[in-house]
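Modelling step: build the complete structure from the supplied sequences, incorporating the hints.
There are 2 protein chains.
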Amino acid sequence: MNAPIQWGAATAWSRGPIVTSPAPDRNTIGVPAGTYATYRALAVATGDLSPNHRPDYQDTQPAVSIGPFPQWRDKAKIVTFDPWGHRTAQDFRVDIAAGRNLRPSIAITTGHLAIAEIAQAVQQGALRSDGKVLLENNEICVTKIAIEPVWYLPGIAARLKVDEGAMRQALVDHSGGMYPELMTRPDLKLFLPPIGGSSVYIFGDPALLGQSHARVTARVHDECNGSDVFGSDICTCRPYLIHGIEECIRGAQAGGLGIVVYNRKEGRALGEVMKLLVYNARKRANAGDVPAAYFQHTCAVAGVEDMRLQALFPDVLHWLGVRRIWKWVSMSNLKSAALLAAGITIDTQIEIPAERISINAQVEITAKIASGYFSGRL
Amino acid sequence: MNAPIQWGAATAWSRGPIVTSPAPDRNTIGVPAGTYATYRALAVATGDLSPNHRPDYQDTQPAVSIGPFPQWRDKAKIVTFDPWGHRTAQDFRVDIAAGRNLRPSIAITTGHLAIAEIAQAVQQGALRSDGKVLLENNEICVTKIAIEPVWYLPGIAARLKVDEGAMRQALVDHSGGMYPELMTRPDLKLFLPPIGGSSVYIFGDPALLGQSHARVTARVHDECNGSDVFGSDICTCRPYLIHGIEECIRGAQAGGLGIVVYNRKEGRALGEVMKLLVYNARKRANAGDVPAAYFQHTCAVAGVEDMRLQALFPDVLHWLGVRRIWKWVSMSNLKSAALLAAGITIDTQIEIPAERISINAQVEITAKIASGYFSGRL
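So the sequences go chain by chain: G and C.
Read in order, the letters of the first sequence are residues 105 to 482 in this note's numbering.
Read in order, the letters of the second sequence are residues 105 to 482 in this note's numbering.
Keep in mind that the hints were calculated from the coordinates and are not lab data.
Hints are all accurate, no fakes.
Copies of the same chain look alike in the list, so a pair counts if it works inside one copy or between any two.
EDC-like mimics (lysine to aspartate or glutamate), calculated; alpha carbons at most 16 Å apart, straight line:
hint : residue 1 : residue 2
1    : K387      : D163
2    : K265      : D152
3    : K472      : E409
4    : K293      : D129
5    : K293      : E268
6    : K236      : D309
Written out as structure tokens, the structure reads:
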């Protein structure tokens, strides 16, 4: 048996390994990459995947070293994932060599991004290539990070200001009985929920992370597949994401750091079906699709305006050692309030340039500004 | 109690309503929008969402009528979602008015897409606006559909050629005990797995769906967030998606139909952490990142080359009434084999134009072609 997990301990080793099912000494509920557990199970059922497969982590270690930062040792600051998750193969080398199936929950690589809008911005003189952050061929050099959720339940409950037992009960009751162990195994404090994780793109020298003099430009973007991938013009998601990437490039070129975080929280964590139902209700309303009714339509169908639980998102910035954001590329009042509550300061908040808002997205942006979104135009 | 579900029945009513937890007469395991159930539960725990909320479906009905098509009445053809899922509010109006909490699992709206690469293609003369499919402002008119999974387990097992009981056991065992009812309630034949769903974009007149004379251009694209959103140049995902959209526009402009399906199966359904670990292993290999070792690296880390279960994807084309694809914009041999097995014929298969493959993506595409990918260049 493992000793109980010491969340927030000074090292991964003193914290203890995160051991997942089907290990007999597991200390977690759920499995890694939970939203793909169903596919993994079927791959075992069809015989394509051996249930006894042990990953070979040769050469998979992070392409860039990140941390540890003091924030990792504060058990209240990072509760939604394992801050040591990219170092599993290194920190628990001996255990893995001995046959334990310990898995990284974070992966870090480097890469080049080719984005049509960025190439256009160069062409129009709004950005210039510097051969380092932005190459001559208009490709952007980045550090790419993928993070899977690992929830420390006492910390999640404290962050959301709810009782841990009541939260566990809700998780079972409102998921149709998914993971009954949330109730029957209160001794297991870690939960790997089947929700999407986060991707992080770092612009500039990652060695600047955690350095108090580094000027950080950041955008934390919640998934909107229809806009982010397909350019749907009913919202400003992709235009604002691109704007964030541009600002991150500029910040890195000026010797600072750019950070874009992409969270899988489609349609305010209501999902895409719900989002499209709301679109229809908005467009068909007798009064027309007007800003005043924007949030009402979401509430009528979904029962809530938003389920993203923004109190949880600052963890990734703590993990990156960020204490102060020089340029915060976001208008969301929910997000800036969450940063403030997390003790991360914002020097300047930047709204989306007006010319990037399509005619069809005016309803959304006007409604959001009326409800408290940051805007220099007010 | 409900009568047992008659999957493949001629109408939603004769099939029976799909009733989800917490209804006492539920006939399903799992909950709608499963990957967001965790957020929904926390929204209840925090008091933001009433557990008794009943959605108001006023004005949410499909913006475009789709089906029914004969394929909906074949219980083997559509097993991964509810073909009547967009009509819940209409087909079960009386039940919902009486207070039953029945939920649509499909939503259909219309929209406009603004995509930088498409605007460039117009500028370069590769595409022309026609004021209907592609507007003067370069925006594309589409029908947008979001589909959540509803698995008919006997049909899934038959499709994958596995025993239903063994499959249920694997689903419990390899998810860390998620939904033990998969074993204890063999009478419940429907499972709403917590996996991402599909988005569909239709170009051209959706009234052509199901018409045998309509020339269909189609691409079925599996999520690759790093490329689709951020333009990562290590693969051809976004370039090929854009190519598919271009072909769909051309097909629709010529009086046919274009269909793009986007499935949430990141990194071949292995997840993004696994994908980035494999990237690192590829780049650091002694022999360099070479096509011959491309699939080996994935197998070494993940234990399997691919977990997407392509046998399941044709359902959405059956649902759209497609029997024959005029232009199939895909090189995947796994996907074309799945279409063949599903009885959908392909007239022409189209590979990605060579000039759209970045230098860094050459390893991947060469490895895939060597392993059986379609290519006119061979």
